[in-house]
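Peer 1: Listed below, chain by chain, are the residues.
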Amino acid sequence: MSLAQKTAFQLLELYRNKKASEEEALTDVVSAVHTKDRDTRSIHAYIDLEHSTPLQKQVSGPLAGIPIALKDNICVEGREATCASEILKGFVSPYSATVVEKLLNAGAVIFGRTNMDEFAFGSSCETSCYGPTRNPRDPERVPGGSSGGSAACVADDTAIASLGSDTGGSIRQPAAFCGVVGMKPTYGRVSRYGLIAFASSLDQIGPITKDVRDNALLLSVIAGHDSKDSTSANVSVPDYLKALEDTKLSGMKIGYPLEIQKDLTPDAAKLMTEAVKILEKKGAVIDRSITLPHTKYAVNVYYIVAPSEASSNLARFDGVRFGHRAAATANLLSMYENTRGHGFGAEAKRRIILGTYSLSSGYYDAYYVKAMKVRTLIKNDFDEAFKKVDAILMPTAPSAAFKLGEKTKDPLEMYLSDIYTISANLAGIPAISIPGALSEGGLPLGLQFLAKPFAEETLYKIAHSYEEALK
Amino acid sequence: MKHIDLAHVARLARLRFSDEELKKYEAQVEEILKFVDQLKAVNVEGIEPTSHPLKLSNVFREDMPAPAFSVEEVLKRAPRSRGRFFEVPKIIEDKTR
Amino acid sequence: MTTLVTIGLEVHVQLASKTKIFCGCAVRFASAPNSQVCPVCLGLPGTLPVLNREVFRLGLKAVLALGGTPSKTIRFDRKNYFYPDLPKGYQISQFADPLGSGGLIEIGSGESLKRVRINRLHLEEDAGKLIHDQSEVSSFVDLNRAGTPLAEIVSEPDLESSEEAYEYLSSLKAILKSIGVSECDMEKGQLRCDANVSVRKLREEPLGKKVEVKNLNSFKAVKAAIEHEIVRQSEALEKGEKIPQETRLWDEARQKTFSMRSKEEAHDYRYFPEPDLVPFSVTPKEIEEARASLPELPKAKKERFMREFQLSDYDASLLSAQNEVAELFETAVKKSLMDAKVAANWITGPVFAYLSERNVSLSQTALTTALLADTAGLVQKGSVSFQAAKEKIFPEVIEKGLDPKMVMKEKNLEQVSDDSALDRWISEVILDNPKVVAEFKGGKETSAMFLVGQVMKKSQGKAHPAKVQSMIRQKLKE
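Chains as they are written, first to last, in the working numbering: chain A, 1 to 471; chain B, 472 to 568; chain C, 569 to 1046.
Chain A extracted, bound-state conformation:
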């Protein structure tokens, strides 16, 4: 059996017992990548295999010798970071993201850039300038997005673990579609320095792993205060692995919101029924009276707030100091317009237009400010709910992975598939997706848990317990 099929914890144990070496593990991973992920007809979780060289700075630490793949919007010094966009092709970052420094200081081996939706705009990994990634469970289907590559490689055993980013569900939804574990930490838990920004008040980097234990290990390495990020929380990082010691959930109160109980698809309904059964068996108490009345507006709010911030964050891609510059540039204006017109893909342009419009004179109050106020209402709903329960339960996505090309004609349809993941980003709370059940068609369905700010321990405890019950 290839070492690439192991979890990080299993590898660490094998290293400890001298049953396998770090070199062997890396060789197996690299070989798996080159065999299974060779080109765009395959799963295509990775970008630019020819230039992928492993990077390790330390030989000891909690992640010593563990290869980790990174989403292409996380900067590594001396390496390309393109956000899967033409406008950044060839951009080599002169510095590393704080999370990368932390991984390297923990002994990890950085290997591989994973595919994503361009600038993280998307829920299917179909807008990448490198071509789409496919779902390892069913290559006719999408892996989810925007961290599609990061989820696919973990599911496909062409990576031990990976990092993705989540702005509206971009870690959790692909984790759900691919049948792996994905965690979006509390806003401010993990530094954003070195994450190429999409929506600054929503973005978080998080781990995507084969199981909950690996996820807790990875988060404990990348979490923590960063003085380079003003929005980074100065809250100590607890020992997340301790939360996994006891798998009983007695005394744990888990809310199943009224609004979620309605309008479930058949697959989601089946998932939730099973989930409730398993959790109750483990001793949790399910509270069905919890209400989140404003989450029905979450997608509306998100599609004003996120594009607004994005339109501003993407203004720096102007062809002056780095990245692509259009060839025909008669004057400054045409340099800007051609560079950005050619360099950005369709979804990126749509979001920039939406965002620019929402912020523009005459519309700012009606759109942006209004959305920010409804955001407060959504956050307040969660604050209220967490006074009564320890965690909240819901599906990660309405259904299992859809087919490639199925939702690309209508942007709005694609946006609506984020309905369960978006509110956690708006409220800034942590949320985890774990494999919950299989759909009617045998595809993974993700189960999502949300908790109050900085309560990742609670999420890991519940997720780990559930995972154990499924074995």
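Don't read these hints as lab results, they were simulated from the structure.
Mixed in with the good hints, there may be bad ones.
In silico EDC-like cross-links for lysine to aspartate or glutamate, where the CA-CA straight-line distance does not exceed 20 Å [to be verified]: (1) A:K373 to C:D665; (2) B:K505 to A:E347; (3) A:K379 to B:E516; (4) C:K697 to B:E543; (5) A:K379 to B:E519; (6) C:K810 to C:E780; (7) B:K505 to A:D365; (8) A:K296 to B:E516; (9) B:K526 to A:D383; (10) C:K745 to C:E898; (11) B:K526 to A:E384; (12) C:K697 to B:E564; (13) A:K409 to B:E492; (14) B:K547 to A:E86; (15) B:K494 to A:E337; (16) C:K782 to C:D753; (17) B:K495 to A:E406; (18) A:K409 to B:E543; (19) A:K296 to B:D508; (20) B:K547 to A:E80; (21) A:K89 to B:E544; (22) C:K1030 to C:E967; (23) C:K782 to B:E564; (24) A:K296 to B:E502; (25) B:K495 to A:E347; (26) A:K407 to A:E140; (27) C:K697 to B:E544; (28) C:K682 to C:E871; (29) A:K373 to B:D508; (30) B:K494 to A:E347; (31) C:K586 to B:D534; (32) A:K373 to B:E516; (33) C:K629 to B:D534; (34) A:K409 to B:E491; (35) B:K505 to A:D410; (36) B:K505 to A:E413; (37) A:K409 to B:E497; (38) A:K407 to B:E497.
Model the placement of chains B and C on the given structure of chain A, informed by the hints.
Peer 2: Same frame as chain A, now just chains B and C:
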């Protein structure tokens, strides 16, 4: 009723669209805006907007110099540079400075 | 036709911190292009701003010194527009909740005292520099200046003349210098000023249309440009023309403003709260502490100098404008026990002349209060004339810190006040110039000065002139 003057917004965002693209994007964006208009129904009286989900304040750095890049490093990624400068198409009239 | 002139000034002041507002790059004038740049101020993807504590402190001091009030919650906003010297495609500035608002600057005095209100002071980052004259087809970008901390100070349109505007700027500079917030040297780019000028017929349209004048590089230019604009707009009104609201540039060489050729797009800056920076606030206790730590401001100091030392408005203004000078003056009077008026004369005279000629500041000279007092003392005692002290002794003292008495001895400048010596010279001169003596006796007063001059010549400048004069008059009266 049409919301958006796409050509104007495109100019603000420095994006070039062909006439065909303009029509296509306009229709898509219109649909999305109709969807977000559902927010009109929400009563937000007395509610403060949330710009920052975390209740952090007063984050500073100390006034201590850190090493700067060499000029080579600064210009390394520039699509066009000359000598020690970034190069752009000539600006005839410098309005804002 | 009576016209109403309304002027508002927008001043951008560079705050005197060591590093930029959101990153650790040093702030230095005239460095080699693109040598003071890092990933943050270069606007590279993934970078984030963190506010410089010293910039916040300096800005707060400025708000309080100007009599303003800090906002309860202080926030940053993004001002979005595209320009090659703006790396991120937006400027981090403040719109809705600035560092401070309100405050005033007093200009004039007594009857003509006027309070010019300040609308707001906010913090923002500066953009880089663009160079347009090196090529026919390209412009060039230097980002050293990008991220330099600025305080933008906006006055209410309370000014009504170019003189008032000039005084406002001088007072603002004096205040900000005295609290150590900025050197405000326009030549070093530490202070920039745009003027909004509106001339309208009395009882006509309410304020709203104004002409913005940019490219003003000195206080004099501000004054000249405003004067020009007032004339230009008045003439237009006389002809019945409408004055369009626009931005005009000042041409220093031609001493006139001209309209920009291209039609200026109305900017839609799409301000929204900066999500990468958290809000800031100061407690009432911190405000009080900051206020208490403010040094005596120039106006208060001037008034005190007039009161305490019986100085004229003119002298008091000059002496209170800069901290170093004020300190020299006060210490000279209080510690070295110099006469206030004498000290004032020496400082506003020879000291200022030296500083301006050599373009140095007081701390860069060797002058101490003791040395100043000693130099003046020689004149008081009559050991040297003021002329000799000023021209021959003082330069050595201020430049090299030499003891004035020693210089006097070495240069052999000591005046002769000895009556018998003087008497001898006077007698000789009287004998040598009978015609002039006769003229004096005949009523020509100025002849006495000629005779004094002759004595000075005979004594090689060492005779005590005042004494010689009185002795001559005495002698000739006999």
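Peer 1: Sort out whether E347 of chain A lies within 20 Å of K505 of chain B, counting only the CA atoms.
Peer 2: Distance of about 18 Å is within 20 Å: holds.
Peer 1: Hey, K1030 of chain C versus E967 of chain C, does the alpha-carbon distance stay inside 20 Å?
Peer 2: violated, 24 Å
Peer 1: Taking only the CA atoms, is the gap from K409 of chain A to E497 of chain B under or equal to 20 Å?
Peer 2: holds, 15 Å
Peer 1: If you draw a straight line from the CA of K505 of chain B to the CA of D410 of chain A, is it 20 Å or shorter?
Peer 2: holds, 14 Å
Peer 1: Starting from K547 of chain B, check that the Cα of E80 of chain A is at most 20 Å away, please.
Peer 2: It holds: about 14 Å lies between the C-alpha atoms, which stays within 20 Å.
Peer 1: For the pair supplied as a hint, K373 of chain A and E516 of chain B, is the alpha-carbon distance within the 20 Å limit?
Peer 2: Satisfied, since the Cα-Cα distance of roughly 9 Å is no more than 20 Å.
Peer 1: Against the 20 Å threshold, does the CA-CA distance of K629 of chain C and D534 of chain B hold or violate the hint?
Peer 2: Holds, because 16 Å separates the two Cα atoms, which is no more than 20 Å.
Peer 1: Is the hinted pair K745 of chain C and E898 of chain C satisfied, with a Cα-Cα distance of at most 20 Å?
Peer 2: Cα-Cα ~18 Å, so holds.
Peer 1: Keeping to a limit of 20 Å between CA atoms, is the pair of K296 of chain A and E502 of chain B held or broken?
Peer 2: Between K296 of chain A and E502 of chain B the Cα gap is close to 18 Å, so the pair holds against 20 Å.
Peer 1: Does E516 of chain B lie within 20 Å of K296 of chain A when you go C-alpha to C-alpha?
Peer 2: holds, 19 Å
Peer 1: Given the hinted pair K586 of chain C and D534 of chain B, is their Cα-Cα distance within 20 Å?
Peer 2: holds, 6 Å
Peer 1: Between K697 of chain C and E543 of chain B, does the CA-CA distance stay at or below 20 Å?
Peer 2: Cα-Cα ~18 Å, so holds.
The structure fails hints 18, 22 (numbered hints given earlier, in ascending order).
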